[in-house]
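Colleague: Below are the chains, spelled out letter by letter.
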Amino acid sequence: MIRLSPRQNVSPNHLLLVPVLSVLLSICLGGMIFAALGYNALEALYQFFVAPLLRPDQIGNLFVKACPLIIIGTGLVFCYRANIWNIGAEGQLIFGALGAGWIALYLPESWHFMMLPLMILGGMIGGALLAAVPAFLKTRFQTNEILVSLMLTYVAGLVIDWLVRGPWRDPLSFGFPLTPYYPDAALIGKLSLPVIGKLGQLHWGILIAVGISALGWFILSLTLAGFRVRVSGDAPRAARFAGFSPTIVTFSVLLVSGALAGLAGMVEVSANIGQLQPHISFGYGFTAIIVAFLARLNPAAVILAALIVALSELGGDSAQIAMGIPKVVTGVFKGILLFMLLAGETITRYELSLDMRMISRKMSKGDADV
Amino acid sequence: MQKIIGFIALIGIAIGIAWWSMKSQDEAQQADAVSSDPLKVGFVYLTNPGDHGWTYAHEVGRQDLQAHFGDKIETNFVENVAEGPDAARVIRELVEQGNEVIFTTSFGYMDPTLKVSKEFPNVKFHHITGYKRSENMATGNIRFYEGRYVQGVVAGLMTKTNKIGYLGAFPIPEVIQGINAFASGLRSVNKEASISVVWVNSWYDPVKESDAAKVLIAEGADMLAQHTDSPAMLQTAEKAGVKGFGQSSDMHEFAPNAQLFSSVNNWGPYYIQQVQQVMDGSWTTGEGPDHWAGNTWNGLSDDYLVLTEFKNMPADVAAKAAAARDGIASGSLNIFEGPMMDNKGNQILPAGTVLDDGGLWAMNYYLDGVLGDLPN
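If you read the sequences in order, they're chains X and D.
Taken in order, the first sequence gives residues 2 to 371; the numbers are from this note's numbering.
Taken in order, the second sequence gives residues 7 to 382; the numbers are from this note's numbering.
If you are wondering where the hints come from, they were derived from the structure by calculation, not from laboratory data.
From the three backbone atoms N, C-alpha and C, an ideal C-beta is built for every residue, glycine too.
Hints may contain errors.
Cut-off 25 Å, straight-line C-alpha distance, at most; resulting in silico cross-link-like pairs (BS3-like, lysine-lysine) [as the list claims (entries may be wrong)]:
{"#": "1", "chain 1": "D", "residue 1": "K169", "chain 2": "D", "residue 2": "K350"}
{"#": "2", "chain 1": "X", "residue 1": "K191", "chain 2": "D", "residue 2": "K121"}
{"#": "3", "chain 1": "X", "residue 1": "K328", "chain 2": "D", "residue 2": "K46"}
{"#": "4", "chain 1": "X", "residue 1": "K199", "chain 2": "D", "residue 2": "K124"}
{"#": "5", "chain 1": "D", "residue 1": "K220", "chain 2": "D", "residue 2": "K166"}
{"#": "6", "chain 1": "D", "residue 1": "K197", "chain 2": "D", "residue 2": "K46"}
{"#": "7", "chain 1": "D", "residue 1": "K169", "chain 2": "D", "residue 2": "K214"}
{"#": "8", "chain 1": "D", "residue 1": "K121", "chain 2": "X", "residue 2": "K199"}
{"#": "9", "chain 1": "D", "residue 1": "K169", "chain 2": "D", "residue 2": "K317"}
{"#": "10", "chain 1": "D", "residue 1": "K197", "chain 2": "D", "residue 2": "K326"}
{"#": "11", "chain 1": "D", "residue 1": "K245", "chain 2": "D", "residue 2": "K317"}
{"#": "12", "chain 1": "D", "residue 1": "K138", "chain 2": "D", "residue 2": "K121"}
{"#": "13", "chain 1": "D", "residue 1": "K124", "chain 2": "D", "residue 2": "K138"}
{"#": "14", "chain 1": "D", "residue 1": "K124", "chain 2": "X", "residue 2": "K191"}
{"#": "15", "chain 1": "D", "residue 1": "K245", "chain 2": "D", "residue 2": "K214"}
Among chain D residues calculated to face chain X with C-beta under 10 Å, some are [to be verified]:
{"#": "16", "residue": "G48"}
{"#": "17", "residue": "N54"}
{"#": "18", "residue": "V84"}
{"#": "19", "residue": "V87"}
{"#": "20", "residue": "D92"}
{"#": "21", "residue": "E99"}
{"#": "22", "residue": "F126"}
{"#": "23", "residue": "G136"}
{"#": "24", "residue": "Y137"}
{"#": "25", "residue": "S140"}
{"#": "26", "residue": "P177"}
{"#": "27", "residue": "I178"}
Modelling step: build the complete structure from the supplied sequences, incorporating the hints.
Modeller: Put into structure tokens, the structure is as follows:
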């Protein structure tokens with residue numbers, strides 16, 4: 002039996018060194034896989050890690066890709082720190098996009114000056130509404146929030162499907178499942194940076210993302226509300242003795258993460274698509290779970306984690322375009338990379354030990370499958 | 007531990023050094039490559055090409071294109087590109103990597119392609135199955151519905167229960183054209199038979215397609231047609247002992263006894279024609295006042311649509327199918343010809359007229375012979 006026990010002292014050197022080693026190890030492993038499949042391993046690794054960073058517009062795209070991950074990831078950190086397992090951010094993102102889309106498509110012209118603030122509000126309410134379902138069911142009937150939030154993702158997918166094929170379909174779309182284009186007031190524009198100018202498709206949604214991450218860090222580390230969340234996760238009994246209501250904590254973390262996922266949906270559609278279609282997210286809600294853990298459940302580190310994940314995504318495309326490496330192969334490499342980073346993180350914080358006593362006990366019982 | 011770290015660091019350094027040497031070597035090679043200057047043609051695929059279905063047909067077309075022009079062109083493709091903002095990024099990336107002609111091979115790439123086409127006016131874009139064009143973005147499509155008329159003829163002659171099952175992906179004009187063409191062929195030989203349509207709401211979902219096929223068979227359908235991409239329907243038909251038609255590519259290996267024939271999308275001639283025009287300098291997007299006229303939209307007549315061998319059917323049925331195919335190809339047989347009634351009894355076309363392309367794209371009705379209502 003393998004046992005994980007928290008290390009008493011985590012050396013700061015290890016905290017820095019282990020991620021570097023994890024990356025190096027995955028480079029070695031990935032290189033072997035590429036070479037075994039007959040590709041030039043060094044060029045593949047170059048395409049994966051370096052090529053996406055060589056052009057300014059690509060760097061902009063990296064942030065575009067990371068933007069929804071940062072926003073959702075920050076929300077998920079709140080949930081996971083409180084030991085509430087929201088797996089349904091994908092569905093909450095879709096509901097957020099619907100809330101914002103409803104405003105974008107139907108707000109009267111005279112209200113257009115308020116368009117984006119209302120859409121942000123609509124997006125957050127949409128996402129929070131869907132997240133309120135598992136929160137209510139958990140606090141009222143002790144249902145499992147993992148199942149409820151995950152299953153609602155499929156519900157959300159069918160709701161958007163129905164809306165864009167039915168009531169919200171553009172009459173001029175020749176029957177294709179698309180809503181009309183959002184009016185200009187509802188679009189998030191490109192961000193023009195001082196000195197550099199525009200960076201690819203970089204839009205000012207990234208400012209929202211960075212702001213959310215900073216605010217998340219502030220609330221979680223420095224406020225009483227954040228303290229409640231952390232204590233409820235780390236020591237539920239202590240939290241109850243301190244008078245923190247589990248119901249309030251469950252509701253607030255789920256609503257916060259739902260609202261942020263919804264906000265990500267609003268930003269993604271307004272900045273990158275400009276209309277609703279049956280598919281608006283490609284797993285951002287699920288990928289953000291990895292991002293949250295890669296960031297060690299720290300809202301400030303979510304930005305870095307999201308950038309790493311975004312890089313592995315762009316790197317996969319670039320390796321495919323330049324060298325014809327199939328996406329499944331780069332997907333495997335991406336998996337190795339994330340696995341190494343998470344495993345490295347785990348062995349930095351926890352001590353691995355073989356529990357000999359348990360093994361011998363099992364052996365003596367004749368239980369061979371240890 | 008120290009040793010392990012040292013070892014890994016060493017590997018890292020070695021990789022780093024080799025990396026840079028490779029890179030400079032590559033750059034030298036790339037500089038050489040420019041002088042010989044093959045035309046670079048890029049393709050964007052919705053899925054992994056695999057060995058059947060929509061994207062596979064495009065991959066075959068790409069290989070035909072490459073074989074036709076040899077070393078005068080270089081083709082690249084990107085697979086598994088989601089329809090949405092990712093598509094725009096991948097298309098831009100193809101441009102950045104030097105592709106001068108780009109084919110985007112799914113409907114959902116329409117707006118991303120249009121967006122990128124405006125950013126790169128010197129690159130020539132082709133969007134497959136869409137309806138939006140620009141100065142440097144053309145549209146191409148195949149008259150898939152022509153094959154479905156022939157399917158309707160065969161089904162009408164073969165069915166014993168007079169119940170035809172039809173799997174549709176999404177109720178969009180292209181799919182509705184197919185259903186109506188099938189109905190037109192069916193009713194040309196059999197006034198009693200009718201079509202039940204099941205919407206799968208996916209282009210590719212073997213589980214749902216198989217479930218839908220089972221339901222249709224249980225309801226008595228003995229002929230199945232599909233406007234979805236997987237061979238699941240034919241495999242189900244094979245097990246149940248009923249017949250069906252393959253889609254996009256030849257699927258007889260999945261269902262040797264059940265497949266009557268398959269309508270194969272043959273993109274090679276289209277790709278070759280477009281690239282040839284780019285090389286000649288005669289390429290245009292055909293954008294003009296008559297919007298639909300600019301669409302390159304060919305079918306059986308130009309071998310853009312090819313029907314596989316007629317199998318598992320009596321010789322007289324095969325002969326009638328061949329006659330229908332040849333009639334469509336030569337233009338002597340019109341699929342949508344007046345008098346044409348929808349399934350509610352309203353007249354769509356008066357006698358003596360033929361539906362034009364604009365009318366084909368505006369189809370929002372089922373023809374006589376199709377059961378039920380079109381979802382809206």
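Colleague: Determine for every hint whether it applies to the structure shown.
Modeller: Comparing the hints with the structure gives:
no. : hint              : result
1   : K169/D <-> K350/D : 19 Å, holds
2   : K191/X <-> K121/D : 14 Å, holds
3   : K328/X <-> K46/D  : 21 Å, holds
4   : K199/X <-> K124/D : 17 Å, holds
5   : K220/D <-> K166/D : 18 Å, holds
6   : K197/D <-> K46/D  : 52 Å, violated
7   : K169/D <-> K214/D : 20 Å, holds
8   : K121/D <-> K199/X : 17 Å, holds
9   : K169/D <-> K317/D : 21 Å, holds
10  : K197/D <-> K326/D : 16 Å, holds
11  : K245/D <-> K317/D : 17 Å, holds
12  : K138/D <-> K121/D : 11 Å, holds
13  : K124/D <-> K138/D : 12 Å, holds
14  : K124/D <-> K191/X : 16 Å, holds
15  : K245/D <-> K214/D : 16 Å, holds
16  : G48               : 8 Å, holds
17  : N54               : 7 Å, holds
18  : V84               : 5 Å, holds
19  : V87               : 8 Å, holds
20  : D92               : 6 Å, holds
21  : E99               : 6 Å, holds
22  : F126              : 12 Å, violated
23  : G136              : 9 Å, holds
24  : Y137              : 6 Å, holds
25  : S140              : 16 Å, violated
26  : P177              : 7 Å, holds
27  : I178              : 5 Å, holds
Consistency note: the structure conflicts with the earlier hints numbered 6, 22, 25.
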